[in-house]
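Got chain A sorted already, so can you dock chain B onto it with the hints?
If you read the protein sequences in the order shown, they are chains A and B.
Here the first sequence is numbered in full-length UniProt numbering, starting from 1 and rising by one per residue.
Here the second sequence is numbered in full-length UniProt numbering, starting from 1 and rising by one per residue.
Treat the hints as calculated values from the structure; they're not laboratory data.
All the given hints hold, so there is nothing to weed out.
Facing chain B, from chain A, some residues (calculated, C-beta under 8 Å):
(1) Gly536
(2) Lys559
(3) Gln592
(4) Pro597
(5) Ile636
(6) Phe637
(7) Asp642
(8) Val677
(9) Gly690
(10) Val692
(11) Asn706
(12) Val732
A virtual CB, placed ideally from N, CA and C, is assigned to each residue, including glycine.
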Amino acid sequence: MAKLILLLLKCILFCGTVYAVFEDQVGKFDWRQQYVGKVRFCHFDGHMQSSKKVLLATESNVFAALNTRTGEVLWRHVDKTGPEGNIDAFLQNGQDSVLVVGNGRVLRSWETNIGGLNWEVVLDSGSFQSTCLVGQQGTVKNVAVLKKTAISLHYLSNGHQKWIENLPDSDTVDYQTVYSGGNGEVYVLGVVPHSHIAVVAFSVDDGEILKQSSVEAPWLSSIPESCQIVDQEMLICVDSTTMSLYTLDLTLQLQMNQIPLQVKNVYIFLLCGITPNPAKQPLSEFFLQLGPDRYVLLQFNSGQIVMLRDFKPVCNAFSKQHFSILTFRLQNVCYSPRLQYFNASTINLYNAETGRRLLDTTLIFTMDPNGGKPERVTFLKKDDSVGYRVMVQTKDHALTFIQQPGRVLWTREEALSDVLTMEMVDLPLTGTQAELEGEFGKKTDGLMSMVFKRLSSQLILLQAWIAHLWKLFYDARKPRSQVKSDISMENLSRDEFNLQKMMVMVTASGKLFGIDSKTGGILWKHYLENIPSNAGFKLMVQRTTAHFPHPPQCTLLIKDKDTGLASLHVFNPIFGKMSHVTPPALPQPILQSLMLPFMDQDYAKVLLLIDDQYKVSAFPSTKYVLQQLQEMAPTIFFFLVDSSQGRLSGYRLRTDLSTEQIWEVILPTEIQKIVSVKGKRPNEHVHSQGRVMGDRSVLYKYLNPNLLAVVTESTDLHQERSFVGIMLIDGVTGRIIHEAVQRKARGPVHVVHSENWVVYEYWSTKSRRNEFSVIELYEGMELYNSTAFSSLDRPLVPQVLQQSYIFPSSISTMEATLTEKGITSRHLLIGLPSGGIVSLPKMFLDPRRPEMASEQSREENLIPYAPELMIRTEWFINYNQTISRVRGIYTAPSGLESTCLVVAYGLDIYHTRVYPSKQFDVLKDDYDYMLISSVLLALFFATMISKRLAEVKLLNRAWR
Amino acid sequence: MASPGGQGGVLSTRGGGATRRMKWALELSLGNTRGRGDRQGAQGDVVYPIGYSEKPVPDTSIQETDKNLVEKRCWDVALGPLKQIPMNLFIMYMSGNTISIFPIMMVCMMAWRPIQALMSMSATFKLLESSSQQWLQGLVYLVGNLLGSALAVYKCQSMGLLPTHSSDWLAFIEPPQRMEIMGGGMVL
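Bound conformation, chain A alone:
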C-alpha cells in the first residue's frame, strides 16, 4: 500500500516537472552542439571488449569521452580556463584515467565508464616535469610524478601519497624524465646541459635512493627531445651534430656507447619508443625520424642496432607522444598514413617487431578537400579481430573516425569550439521567387517585354505550385519515416518569416563554417591554410542575398598581428565558395576597415581599408566607386583607437583618398588603459524617437549614430585605487559628450551600446559584488533637428541619466536583442559563467526608475528603484541546456518583428529564438485551428439552413 502511495506521489511530482519545462517546445526552436576542443591526448578505452569509448584530453582543458559509434560526447568535464586547468599529462590504466592538471597542481583519477571522479589530490608546489605509471610484478599500482625538485609516488587506487623524495642536486641538474620498467625501481633522468646526464634510481617500496650516478654527455641538452628508453633499461640518445646514436645501460651506468649512423643529408632526429604496457618493459624496437617525411624502424639487439624498415609517409603524422600511447597490448603494430593522391589517404598497419606490413590492413579513405592535412592518428586493434579503427586528427582540428574498409563513421569539427566571429546571412529565395524578383531587378525594357516577362514568371510559379502539389500527393503515400526533409544545398531557401538563416562562423584555426540555423547542420566548410596562429579576423557582409542575380558576398579580413600584413578572403556565404572577385593585394599593413553604406553598380557595399600610412584603398575599386567616393568624401570620417598608446584619433577623408587627422584624445597609459570601444550596430533600427512621459509630453532620445562608448580600466589594480571609466565620444568631432568614473571598481567590463543607452558591468572592489550601470541620453523636451542628424551641428549637450544596480552573478558576455524595425522592447542577453543565458528586460535597467512611485511614474510603467536585480528562473532562455564558457552572443533580426535570433558560442554552440515582447504577431503554437474553423463552418451552414427555412416560412405565410 505504501509503495502504491509512493508511486502515485511520484507520478504527480513528475507530471508537475514536465509541465514546468514546456516539454513540447524543447528542441523545437533551439539546438545545442557540444565540443571538446583541439585534442592534446587521446586514448582508446580498450580494457573491455565491448567498450565504445575514446578518451580525449584537449587544449581547451576539457576531458571527455566520445562514443565511437556516433561521435557524440558521452561525458565531458570542463576545467578552468588558462594555465590553471591545463592538462599536462594523461595516463590510462584499465578503466582509470589519471590526469595531471595545472602544471602539476592537481592529480586526478577518473572512472571512464561513467565519467565519475575517483579521487583528487593536491600535489606539492613545483613545476611539473613528467609522470609515469609504475608497475610491479605485472600489475600497475602506483603513479610517479616528477617535479623540478622532488618525486612523489601515489597509489592508483586512492591517490594517497606513498612517498615523496627530494632530488639530489636539483639546483644544478635539470630533471626531466621519470621511467619505471616494472622491476621495483624508478629511474629519474636529469641533465646538466652540455655536461652530463644524472641518473637516480629510487626503490618503489620506500623511496630509498638505490643508485646515483652521472654519465658524461657534453652534446646533450634535453632528454625528452633526443632520448628514449628501449628494451631493458637501455637509454638511447641521438646526437644530430655527429650523426650518431648513444646507448646507456641504466642498470650498469658506466658510460655511453657511441654507434655512428650511416645516413646522409639528415636534419631532424627524433626518437619514438614503443611501450605496450606500463607494467612491462618497452620493446627493443624504436623509430628514428630522419627528415620531415622519413622514418626508420630500428631494433636494438644486444648492443647492435638493426634497421628493420624505412618508411616514407607523405604527411607528417608522427609525433612523439604518439608512440608512447600508440600500440595496444602485445599485438605490436604501427602505422603509416600516406597521401597517395590529392585527397585520398591510406593507412597501413605494420608489425613493430618485424617491421612487416600486416595483411588486409590497408585502409583507404578520402579526406575532405576543404579540410586540413592529417596531423595525428590514433588507432585501436583488438587482439582477436582483423579489423581495426582509426581516429585521424587533421590540422583544422577535425576528428575523423574510420572503420576498416575506409568507411568514415563520423567527423567532429572541433574547430567550432573556438569561434571568433560570426555573421548571419539571409538565405536566398527559391528559384521561382528569384525569378519574380529578377523581373523587377533588371533594367526596364519596353512595355511588351515586361508583360511577357510577367506572364512567363507567373507561368513558372504555376508550374512550381503544381509540382509542389504533386510532391505532396506523392509523399503522402509513402510511410512517414521515409519522408525526411533534410536540408541540403539544393533546397536551401528562405522561409516565410526569414527565421532560417545561414550562420557564417570564423574559427581560430582558420576554418570557416556555414551552418544552417534551423538544424545546426554544417552545410559547408572551408579551411584557410597558412593562417598565422595569432591572426585577427573581421568578417563583413558586402552583398546580401537581396540582389539577385548577383550572388551574396562576404569578405573576411585576416590580419597577422606580428607583421601587420593583412589579406582578404572573399567568398559566397551561402555555398562557401571563393568568389570570382579577386581581392586586392595589400602590400601595406592594414589598421582598420570601414564598410560604407553605399554600393557599387553590382550592389556590393564599398569596403575602405586604412593602411599604416593613413591612406585609404577601396574594395571594389571600380571607376564608379571612386567617383562616388570623391563625391562622398567630405562626409566620411573614421576613428582609430590605439590601446597601447592610449590614443583615440579621428580622421577625415579627402577627395584624393588621403586622410587628415581632425581630432585626437590621449589617455595617459600610466593611469588607465583603453579596454574596449563600442559603437552602435549599423543594422539597428530605432522605431520610437522619444519616450512618453506621465504627463503625455515627450522626452526625445539623443540618437547619435556616431557615438562611441570608450571603456578604460586603471592600471593600478589596488582595490582602493582601481577604477573603471566610461567615456562617450562623438566619433566625428571627437567631442566628449559624457564621462563617468566608477571608483573602487575593476574589470573585466562588459559593455552594450545601443539606441540612446549604454549598459556596462564591472566588479565593485569596495562592496565585493558585480554591479550594472546604465547611462541614458536624452535631447530634452524638444528636438533640435528632426529631419537630419549631423554631429557637426549639435550645439546642445544631451541630458544624461545614470543608475546602478547589483547583479547577483558574475557574467561572461552580454548582448542586446535586435529586431527588424525596433518596435519590440529590448532585452539584454547575459551569458553567465554557470552556462545559463539570462534574458533581462531593459526595463529593469532604466535610470528613470523613481525612488518613490508617483502617479506619473505609474502612468509611465516605471518600476520603483530597487538596487538588487533578481535573476528569475524563467528568464533563462536555454533552460537546462548548459553552454560551457560562453564567449560571445550574436543576435540577428528575423522577418518577424517579435522574434530575434540568438546564437551563443563558446565551447558549445547554442541557437534559439527569443521574443522580448511575446509573440504578438504570430498565432500561438496551440492555437485551435480545428475549433475555430469548425465553428465558422457550422455557423456558415447554420446561416444557410436558417435562410432557407426563413424563405419557406415566408412563402407559407404568403399562402395563408
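Structure of chain B alone, referenced to chain A:
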C-alpha cells in the same frame, strides 16, 4: 311542447347527432358568424348599427388652429437637445475617465446623437416650418446640439482620447537622416 320559438329560433331535427348535417337551419342573429364557408358574409355584408356612417364626418372644431399649442410644440423640439445636457453631464460624471467598454459606449452615444441631429437639420426645420419663430428655434436647436457635441469632445479630452499632446504624434516622426558616415575601431 317543443316549439321552434322556444328553442331560440333554431329549428333542428333531433336524433341526427352532432355529426349529421342538419336538414335545414335558420339563423336569426346576424352577428353570430360561427358557420364555416360564410366568411364573406362576415366581412362584406356587415350591417352597421343605426347612426353609423362609413364616411368620416369632417370635424369642424379642429380646423381652427391653436397657435399657442404649435408654438409650444415647436419650442419643445428646439429645446430638446439643451434639456439633454444635464442628463449627459450626470452620465459623464458617473462613467468616469477610465477607458473601458462602458464609458467608450457612452461617449460614442453622446457624440453620435448631436451629429445625427445636425445631419438631419433639414427635417427638423420642416417640422418647425409652421412656427412663426422658426429661425430662432432652429438656432436654439443648433446651439443645443453643438453644446452636446462639445460636451462629448470635452469628455474625450478628459479621457485622453484626443491627440493634443506631442506624444500622440511621436510614432509619425521619421528617424533623422544621417549626414556623416563614420566607422573604425581598435587597431586590428
